[in-house]
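The chain contents come next:
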Amino acid sequence: EDKVVQSPLSLVVHEGDTVTLNCSYEVTNFRSLLWYKQEKKAPTFLFMLTSSGIEKKSGRLSSILDKKELSSILNITATQTGDSAIYLCAVDDTDKLIFGTGTRLQVFP
Amino acid sequence: DGGITQSPKYLFRKEGQNVTLSCEQNLNHDAMYWYRQDPGQGLRLIYYSQIVNDFQKGDIAEGYSVSREKKESFPLTVTSAQKNPTAFYLCASSIRRNQPQHFGDGTRLSIL
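Chains as they are written, first to last, in my numbering: chain A, 1 to 109; chain B, 1 to 112.
Next up, chain A with everything else stripped away, as it sits in the complex:
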């Protein structure tokens, strides 16, 4: 059965810390891996990663896919309270997205 596993489930840090969120997958027909940020309602799209292995960056956030290890990491440097959210990882298996349970990040001042 296809699955996507995220770790840790929950993370509490102070402003300025750097965090690394993990996502591993076992999906038969892998096409791409996506990261989303969910604050209160709608998940918002962050990155889409493919087998090319190219790192994606946006400000203090960056992410890379390790196709050999079947995993991805999402890094957030110099965290801010506005980074507090649930971070969702999803794998596109050519038909649909398979989501992990998410990592809840809380950033305290």
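It should be emphasised that the hints constitute simulated quantities derived from the structure, not laboratory data. For clarity, every value in this text was computed on a predicted model and none was experimentally measured. Among the hints, erroneous ones may be present.
[Said to hold, decoys possible] Here are some of the chain B residues that sit facing chain A, going by a computed Cβ distance under 10 Å: (1) Ser7; (2) His29; (3) Tyr33; (4) Gly40; (5) Gly42; (6) Leu45; (7) Asn53; (8) Gly58; (9) Asp59; (10) Ala81; (11) Arg96.
[To be verified] Here are the computed lysine-lysine pairs in the BS3-like style, where the Cα-Cα straight-line distance is at most 27 Å: (12) Lys71/B / Lys9/B; (13) Lys70/B / Lys41/A; (14) Lys41/A / Lys56/A; (15) Lys57/A / Lys67/A; (16) Lys40/A / Lys9/B; (17) Lys68/A / Lys57/A; (18) Lys14/B / Lys41/A; (19) Lys57/B / Lys3/A; (20) Lys56/A / Lys67/A; (21) Lys37/A / Lys9/B; (22) Lys57/B / Lys71/B; (23) Lys56/A / Lys57/B; (24) Lys40/A / Lys83/B; (25) Lys9/B / Lys41/A; (26) Lys41/A / Lys3/A; (27) Lys9/B / Lys83/B; (28) Lys3/A / Lys56/A; (29) Lys57/A / Lys3/A; (30) Lys71/B / Lys3/A; (31) Lys57/B / Lys37/A; (32) Lys67/A / Lys83/B; (33) Lys67/A / Lys37/A; (34) Lys71/B / Lys41/A; (35) Lys3/A / Lys40/A.
[Claimed, not checked] If you only want the chain B side, here are some residues facing chain A, beta carbon under 10 Å, derived: (36) Tyr48; (37) Phe103; (38) Asp105.
Positions of the beta carbon are idealized from the N, C-alpha and C atoms, including for glycine.
Put chain B on the given structure of chain A with help from the hints.
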């Protein structure tokens, strides 16, 4: 502004009642999706549609039904056969399959 509009934001269902959740997009996207989110669980796919007048079951379609008569609209009906409907329902769309999905603000459904 372009986007995805879900309504209502909150909905209460009585026993034995069918309810319909609305999802409208003005992004001119071909593909639309319905997900259910429960506490401590990831998003689970209920139904998806890649083109007008066509849709497929997702992983948890039992007790739900959809229609896709117009490109911009993908309503979800939660039928009385769905015994545990209390959840947060998210609608999404993408320009076509295999492209990033964009989400609406969700509908929270509860049982009276």
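Comparing the hints with the structure gives:
About 13 Å separates the beta-carbon of Ser7/B from the nearest beta-carbon of chain A, more than 10 Å, and the hint is not met. For the restraint placing His29/B at the interface with chain A, the shortest Cβ-Cβ distance is roughly 13 Å, beyond the 10 Å limit, so the hint is violated. Contact between Tyr33/B and chain A, as hinted, is supported at the beta carbon level, the nearest pair being about 8 Å apart and thus within 10 Å. Because the smallest distance between the Cβ of Gly40/B and any Cβ of chain A comes to about 7 Å, under 10 Å, the interface hint for this residue holds.
A hinted interface residue such as Gly42/B counts as satisfied when its beta carbon comes closer than 10 Å to some beta carbon of chain A; here the least separation is about 4 Å, so the hint holds. Because the smallest distance between the Cβ of Leu45/B and any Cβ of chain A comes to about 5 Å, under 10 Å, the interface hint for this residue holds. Hint status for Asn53/B relative to chain A: violated, with the closest Cβ pair at about 18 Å, above 10 Å. A least Cβ separation of about 6 Å between Gly58/B and chain A falls short of the 10 Å threshold, and the interface hint therefore holds.
A least Cβ separation of about 8 Å between Asp59/B and chain A falls short of the 10 Å threshold, and the interface hint therefore holds. At its closest, the beta carbon of Ala81/B sits 23 Å from a beta carbon of chain A; the interface hint therefore is violated under the 10 Å criterion. A cut of 10 Å between beta carbons decides the hint on Arg96/B: the least distance to chain A is about 12 Å, and the hint is violated. Pair hint Lys71/B plus Lys9/B holds up; C-alpha atoms about 22 Å apart against a cutoff of 27 Å.
Taken as a hint, the Lys70/B and Lys41/A pair is honoured in the structure, with Cα atoms around 25 Å apart against an allowance of 27 Å. Between the alpha carbons of Lys41/A and Lys56/A the distance comes to roughly 25 Å, so the proposed pair stays at or under 27 Å and holds. At most 27 Å may separate the alpha-carbon atoms for a hinted pair to count; Lys57/A and Lys67/A meet this at roughly 18 Å. For the proposed pair Lys40/A and Lys9/B, the alpha carbon gap of about 13 Å is at most 27 Å, so the pair holds.
Among the hinted pairs, Lys68/A with Lys57/A is consistent with the structure: their alpha-carbon atoms are about 21 Å apart, no more than 27 Å. Proposed proximity of Lys14/B and Lys41/A is supported: the alpha carbons are some 24 Å apart, at most 27 Å. This hinted pair checks out: Lys57/B and Lys3/A have alpha carbons roughly 18 Å apart, not beyond 27 Å. Restraint check: the Cα-Cα separation between Lys56/A and Lys67/A comes to about 15 Å, which is no more than 27 Å; the hinted pair holds.
At roughly 20 Å between alpha-carbon atoms, Lys37/A and Lys9/B fall within 27 Å of each other, so this suggested pair holds. At most 27 Å may separate the alpha-carbon atoms for a hinted pair to count; Lys57/B and Lys71/B meet this at roughly 18 Å. The straight-line distance between the Cα atoms of Lys56/A and Lys57/B is roughly 32 Å, outside the 27 Å bound, and the hint therefore fails. Between Lys40/A and Lys83/B, the direct Cα distance comes to roughly 26 Å. Compliance with the 27 Å bound is thereby established for this hinted pair.
Restraint check: the Cα-Cα separation between Lys9/B and Lys41/A comes to about 10 Å, which is no more than 27 Å; the hinted pair holds. For the hint linking Lys41/A to Lys3/A, the alpha-carbon distance of about 24 Å falls within 27 Å, and the restraint holds. For the proposed pair Lys9/B and Lys83/B, the alpha carbon gap of about 21 Å is at most 27 Å, so the pair holds. A distance of roughly 23 Å separates the Cα atoms of Lys3/A and Lys56/A; the hinted pair therefore holds under the 27 Å criterion.
For the suggested pair Lys57/A and Lys3/A, the alpha carbons sit about 26 Å apart, so the restraint of at most 27 Å is met. Pair hint Lys71/B plus Lys3/A does not hold up; C-alpha atoms about 31 Å apart against a cutoff of 27 Å. A distance of roughly 26 Å separates the Cα atoms of Lys57/B and Lys37/A; the hinted pair therefore holds under the 27 Å criterion. Taking the CA atoms of Lys67/A and Lys83/B, the gap is near 40 Å; set against the 27 Å cutoff, the hint is violated.
Proximity of Lys67/A to Lys37/A is assessed by CA-CA distance (about 22 Å); at most 27 Å being required, the pair is judged to hold. The suggested pairing of Lys71/B with Lys41/A holds, with an alpha-carbon distance near 24 Å, which does not exceed 27 Å. Only pairs whose Cα atoms come within 27 Å are accepted, and Lys3/A paired with Lys40/A is accepted, the gap being roughly 25 Å. Contact between Tyr48/B and chain A, as hinted, is supported at the beta carbon level, the nearest pair being about 6 Å apart and thus within 10 Å.
Because the beta carbon of Phe103/B sits about 4 Å from the nearest beta carbon in chain A, less than 10 Å, this interface hint is met. The restraint placing Asp105/B at the interface with chain A holds, with a minimum CB-CB distance near 4 Å, inside the 10 Å limit.
In terms of the numbered hints stated before, the structure departs from hints 1, 2, 7, 10, 11, 23, 30 and 32, listed from lowest to highest.
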